[in-house]
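Student: Here is what each chain is made of, one letter per residue.
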Amino acid sequence: MKIVGITACVAGIAHTYIAREKLIKAAEKAGHAIHLETQGTIGTEYELTGEQIAEADLVVLAVDIKIKGKERFAGKKMIEVPTEVAIHSSNALLKKLEEIAKK
Amino acid sequence: MKSLELRKHAMTGISYMIPYVCAAGMLMVIGNIFGGHTITDYRAGFSVPDALTTLGGDGLGLLPVFISTFIAYSIADRPGLAPGFLLGLLCKANGFGFLGGLLTGYLGGWVVNYLKRVIRVPAFAEGLVPQMILPLLATILVGIFMEYVVGLPIIALTDGISTLLMSLQGGTSILVLGVILGILSSIDYGGPINKVVFVFVLSLMTQGIGAPIATLISASMIAPFGLTMGYFLSRVLHKNIYSTQEVNALKSAFLMGCCQITEGSYPIILNDLVRITICTGAGAAVDGALTMYWDCASTVPAGGFFALAGISHPELWVTSLLIGSAVFAVLLQFLKRTPLADSDEPETEKELNLDSIKISG
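Respectively, the protein sequence lines represent chains A and B. With my numbering, letter number 32 in the first sequence gets 50, and the count goes up by one each step, no holes. With my numbering, letter number 223 in the second sequence gets 620, and the count goes up by one each step, no holes.
Calculated directly from the structure, the hints in this document are not laboratory data. What you are looking at is a predicted structure, and each value in this text was computed from that prediction instead of being measured. Keep in mind that a hint or two might mislead.
[Unchecked claim] Think about it this way: if two alpha-carbon atoms lie no more than 25 Å apart in a straight line, the pair counts; the simulated SDA-like pairs of lysine to any residue are:
id	chain 1	residue 1	chain 2	residue 2
1	A	K88	B	I756
2	A	K86	B	S753
3	A	K20	B	I754
4	B	K755	A	I42
5	B	K755	A	T62
6	A	K95	B	K405
7	A	K114	B	I756
8	A	K86	B	E402
9	A	K88	B	G524
10	A	K120	B	L749
11	B	K755	A	E46
12	A	K86	B	K513
13	A	K95	B	K755
14	A	K86	B	N510
15	A	K47	B	S753
16	A	K88	B	Q528
17	A	K95	B	L749
18	A	K94	B	N750
19	A	K95	B	S753
20	B	K755	A	A72
21	A	K94	B	K405
22	A	K113	B	I754
23	A	K88	B	L403
24	A	K20	B	K755
25	A	K86	B	A420
26	B	K755	A	F91
27	B	K405	A	A32
28	B	K648	A	Y35
29	B	K755	A	A119
30	A	K121	B	K755
For reference, chain A alone in the conformation it holds in the complex:
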């Protein structure tokens, strides 16, 4: 499965990046390709390319705040969770994503 997504937390300096790492780790463990963009206080980093988005089967948003560029995912199945879920339950979240993608 190919996944893209965005992480963004309130302070935009720590949890944004922890959530990204946890999700990437969990996705790789489960054998999925994942690309995650961060929208921290510094601005957008690891920006998703059009190609990555076009190829993705699923969009995961681990965000506590309003994010930019949601319209890029129009028509895709989108799952939104708070960053803490991505941080504390990344593997369980990945399983859930697999279920959702199958539906």
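Got chain A sorted already, so can you dock chain B onto it with the hints?
Tutor: Structure of chain B alone, referenced to chain A:
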């Protein structure tokens, strides 16, 4: 009905606000350290510290505008910015303060979203909707509501407080006055109630009665100091009541608190407004009673620790601040909600909270 997502919008606003508050607050702190004063007439000449203090102060004064703008933006996207900004200015002008700015942010955003759905115009006028009609109408509607519905009780409240304070001036026990001054100065974190008290105690100061203003300065510092002391107390007790984000915010909150700037504490206070405000009220009540009882009089109207030079019995003034903060800190241990545990335990995964997942598309 779609959930209102109150928390998410407030958090988005705060997320934008944190760098703003840090920059403005630190400008003021640095300016104050080097003896800066607020500039009233730029042509009369000023020093660099004066410029820093003034810019920082102006910046913090515009906080209602900033938070209102970005909450409205979070709710209504671009069309929310203009009404959010204008309504924030209304809050600043009326002295509705930061909490007023929060309110106009929500109202402005929702009204824009509602208008977006219901307004239908002929094709030739479609461009006018986002450019003029949405921001104008939303600002008028929420503006009228703020002035005549929200504003009236606030005016009644502030009038009532003035009358109360006047009536307390003669006769009443100094302790009661201290308790009331302490609570009123602190519980709205520099909002309209605090401003009324400030006007009242400032007029007393000009008449040579300096203890009430010293009480106000001290009570305004209770929130940042109490939060700081509460943090260390929680560490000593091995209670985990601060999230990592809050600990980060606490550093600048404390520094700004030293200069009697409460705004740095907002990111923490707003996570748990009611409970923390109970702590603030209790701490400030004790603090107010003590400063009045010990008759710590100030000849300086503001400045936190930088006012110390103008306060009589400075050691007692600091003592009462510390005791008040300690009351806050102890109460906080019981009241503050425990945040979700922090992140770095790799293999102990929490059960997935299915309610928190939103699926679309």
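Student: What are the numbers of the hints the structure violates, in ascending order?
Tutor: Hint check: nothing fails, all pass.
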